[in-house]
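Undergrad: Here's the letter readout for the chains.
Protein chains: 2
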Amino acid sequence: MIYLDNAATSFPKPKRVIDAVTRYLKEIGGNPGRAAHASAREASGLVDRTRRLLASLLGNVDPSRIIFTPSTTVALNLAIKGSLKSGDHVLTTSMEHNSVLRPLNGLVKLGVTHSLIPCSSSGELDPADIPPLIQPQTRLIALVHASNVTGNLMPVGEVGKVARERGILLLLDAAQTMGKISIDPEILFVDLLAGPGHKGLLGPMGTGFLYVRPGLELEPLWEGGTGTHSESIKQPETWPERFESGTCNAPGLAGLAEGIAEVQHLGFEAIATNERRLVEILLDGLSQFPGIILYGPEDRRFCTGTLAFNVQELDCAEVAHILDKVYSIAVRSGLHCAPEAHRTIGTFPHGAVRVSVGPYNTEEEMHTFLKAVSEVLEFRCR
Amino acid sequence: MIYLDNAATSFPKPKRVIDAVTRYLKEIGGNPGRAAHASAREASGLVDRTRRLLASLLGNVDPSRIIFTPSTTVALNLAIKGSLKSGDHVLTTSMEHNSVLRPLNGLVKLGVTHSLIPCSSSGELDPADIPPLIQPQTRLIALVHASNVTGNLMPVGEVGKVARERGILLLLDAAQTMGKISIDPEILFVDLLAGPGHKGLLGPMGTGFLYVRPGLELEPLWEGGTGTHSESIKQPETWPERFESGTCNAPGLAGLAEGIAEVQHLGFEAIATNERRLVEILLDGLSQFPGIILYGPEDRRFCTGTLAFNVQELDCAEVAHILDKVYSIAVRSGLHCAPEAHRTIGTFPHGAVRVSVGPYNTEEEMHTFLKAVSEVLEFRCR
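Protein chains in written order, with the working numbering: chain A, 1 to 382; chain B, 1001 to 1382.
Here chain A stands alone, though its shape is the one from the complex (with noise of 0.2 Å):
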């Protein structure tokens, strides 16, 4: 199989994350923070080493502000529902994920409104057009790093600047962005930063994360046990154990932690330099074929590693479902839950082919899935 839907999740996973999950499973077993026994201490040692390493990454934020979840979708709900409240309004893009959309959708029966600021038929958002739709009630804006559909790289740091100036918090969803990009919440802005740990971070599905700036208040999504304070029936205000009651998924941790290391050892500009010559060799690629529309940016410098087109008279769920029967090529074809960017770029509602690329793929498999591109073609001329 030649995998391309990185984006959904990275795959293949290091060796050493998957190493680190079922030494996990079969040595560890401790529940973190759940007693003293030598088992769990050393569950909790795992966990916290996690965050550390996280915290690093992010330009060595305090450890303590970083808060695991289950996914990204987790923390972007957490970060939303958490900071905001009836008559709150929010800017948020049209390229957005429903993860994203779908929780602001649901809060405006609570008061909280929110409005989308247009972005390009090529998916480019132009900061000049955020102040005009600031209200005096608008209190976050949330912006997706890289569209998930197209992959284009928004400009968060311009974006950061305009809402800390009129004192608006920015949430930025970093889930196709996290361990491909050097993020710095402070240099960039950022009060609230939610990513995943199965993707870039190359650790295990059920991980994600929420970082929140120091000072900045939030109201956990759910209550319990939290190994800590229990003499009280009142959730703790100590951070992180204040958002993350309940077990943990502990195993999962331990891979991320794994995960994080390995894209240390690649590092940042390696993992960038080569997705980009990858998506170079496939844009160059596809813009010769004849009957391929391509979406996305028109100056390659805010392409990523993911990209999305289609075949002239072909539905993208048949490209895909070719693909991956005839040539064994995992691409996802459909509206990749982000129903406002396809309509941004004219692909609503049928969708587009993307294809997102990772740090194991290689220029002969950019090479295969051109030839099986161009076999696509020639079957649907003939």
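A portion of the hints provided could be inaccurate.
Stated by the list, open to error - Some chain B residues near chain A, calculated using beta-carbon distances under 10 Å:
(1) Val1021
(2) Tyr1024
(3) Gly1030
(4) Lys1081
(5) Ser1083
(6) Asn1105
(7) Ala1250
(8) Glu1298
Stated by the list, open to error - Think about it this way: if two alpha-carbon atoms lie no more than 25 Å apart in a straight line, the pair counts; the simulated SDA-like pairs of lysine to any residue are:
(9) Lys371/A <-> Asp19/A
(10) Lys325/A <-> Ser1230/B
(11) Lys1015/B <-> Asp19/A
(12) Lys26/A <-> Phe1268/B
(13) Lys161/A <-> Arg301/A
(14) Lys1325/B <-> Asp1315/B
(15) Lys26/A <-> Glu1027/B
Since the hints were derived computationally from the structure, they do not count as laboratory data. Glycine is no exception: its CB is placed at the ideal position from the N, C-alpha and C atoms.
Based on these hints, arrange chain B on the given structure of chain A.
TA: Chain B in isolation, oriented as in the chain A frame:
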């Protein structure tokens, strides 16, 4: 190590559980429900299989009413927050875990009130105490199936009957019983049932579930991409996707399927018989030692695989510490995230030593444990 902390998480995990997680990470990799390629399809099939196995374990309930969550705590929060509204009243017991008490406490500010049904100093609930506490606005009874401190088995069927007659919902916290006792929600009049994947079901941490009786409506705890109805920013109405937005812990759920299969292979009856036998050995042994205070049910028919005790004149943390350091025996001391339970049995705020057995503990380990405790007692007397 002799592991006697199975109430926190089961250990060791069966080889088939570890193998299933490892295989998922190594060979499958795809994100379930997020594409149509072979790897994602195999992933979806595995998650579906886990859901069907769990449904069959619960007396063949409708699998679509089983919502996977990252933990029992999240399942309890979903049940509580998803079914209650301002003005509602909740009845719960004085033996509950903070995973029930803290969300209820958090809801007070939203106008949801609650009352505690007092249990006896041996942790027993008398269902006759319930009717006088019912108010016209009582919407839910939240009941722990077996105490995580003393192991008391609660009269869930009787409580269920009272609840059903009055049109009150019954939420069962099966954290300590799932996989150890046969549970049929229909027979027990249970409307909502929260349980872990990583305790009695022998699966990995990071897995849990909520079962919801057909016909009962529920609001999700978070919204986002579901891989379905992607054309809409409205959260889908279909079960279980409505509640499972975001990437799930697919490797964990693949492991959980094997945990459930292992429980089915061992058999509820054999697991329960073994645990009861081991606890009998502990209770018989401990009750003969002078200076040991035992807590929990007077009638041993209401014992499960968990018991609590204290050593006179020794702090429970010190007892647990000696057992860990000198004897390599893992138990858990303190308040076990259940302050009201410890108040009920008279051990607040110091707590107690908790011993909790699992299907792989042996008689020999029980005798080693008893010998260790007798030496702790001798040491104390010197």
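Undergrad: Which of the numbered hints above does this structure break?
TA: As far as the earlier hints go, 5, 8 and 9 are violated by this structure, in ascending order.
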